[in-house]
Amino acid sequence: MKLSKRECFLINLLLLMLIWAAVFRLVIAPNYGSLTYTRQVTDELREEKAQMDLYLDYYPELEIQLKELEGKESREPFFYHDLDDVFIDRWLQSVAEGQRQRSCV
Numbered sequence: 766m767k768l769s770k771r772e773c774f775l776i777n778l779l780l781l782m783l784i785w786a787a788v789f790r791l792v793i794a795p796n797y798g799s800l801t802y803t804r805q806v807t808d809e810l811r812e813e814k815a816q817m818d819l820y821l822d823y824y825p826e827l828e829i830q831l832k833e834l835e836g837k838e839s840r841e842p843f844f845y846h847d848l849d850d851v852f853i854d855r856w857l858q859s860v861a862e863g864q865r866q867r868s869c870v
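Per this note's numbering, the very first residue in the sequence shown carries number 766; after that it's consecutive.
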């Protein structure tokens, strides 16, 4: 059975539509959800940045203070970095014992 030109054209058009539908369903639609999520996160980050810029406009010295604090933290270690855990435990027990003695008196 031989198909006419019109029938061949319609079959080819149908195959093309099926291919596009498969591509849309398998490739485009799943990525659309991640695209909307990414846009939502981007909008939230833009709002957060706008609020930060607003603070920096009103309080320009905050950025300078932050940089100074970051510089100090990188040079100065925490005060308890070299303390022994046994020392801390005994110290906490003595503080608790002192609190208990004060509450009993």
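None of these hints come from the bench; they were simulated from the model. Where hints are given, some of them may not hold.
[To be verified] Derived Cβ-Cβ restraints for the label pairs, each shown as a range:
hint, residue 1, residue 2, range
1, Pro795, Asp849, 52 to 62 angstroms
2, Ser769, Phe789, 50 to 60 angstroms
3, Ile793, Ser769, 45 to 55 angstroms
4, Glu835, Glu813, 14 to 24 angstroms
5, Glu813, Ile793, 44 to 54 angstroms
Being a predicted model, the structure only gives us computed values, none of them experimental. C-beta atoms are modelled at their ideal positions from N, C-alpha and C, and glycine is treated no differently.
For each hint, the structure was consulted:
At about 55 angstroms, the beta-carbon gap between Pro795 and Asp849 stays in the expected band of 52 to 62 angstroms. Taken as a hint, the range 50 to 60 angstroms is violated for the pair Ser769 and Phe789, whose Cβ atoms sit roughly 30 angstroms apart. Between Ile793 and Ser769 the Cβ separation comes to about 34 angstroms, which falls outside the hinted range of 45 to 55 angstroms. The beta-carbon spacing between Glu835 and Glu813, approximately 20 angstroms, falls within the hinted interval of 14 to 24 angstroms.
In this structure the supplied range 44 to 54 angstroms is violated for Glu813 paired with Ile793, their Cβ-Cβ distance being about 30 angstroms.
Hints 2, 3, 5 from the earlier list are contradicted by this structure; the remaining hints agree with it.
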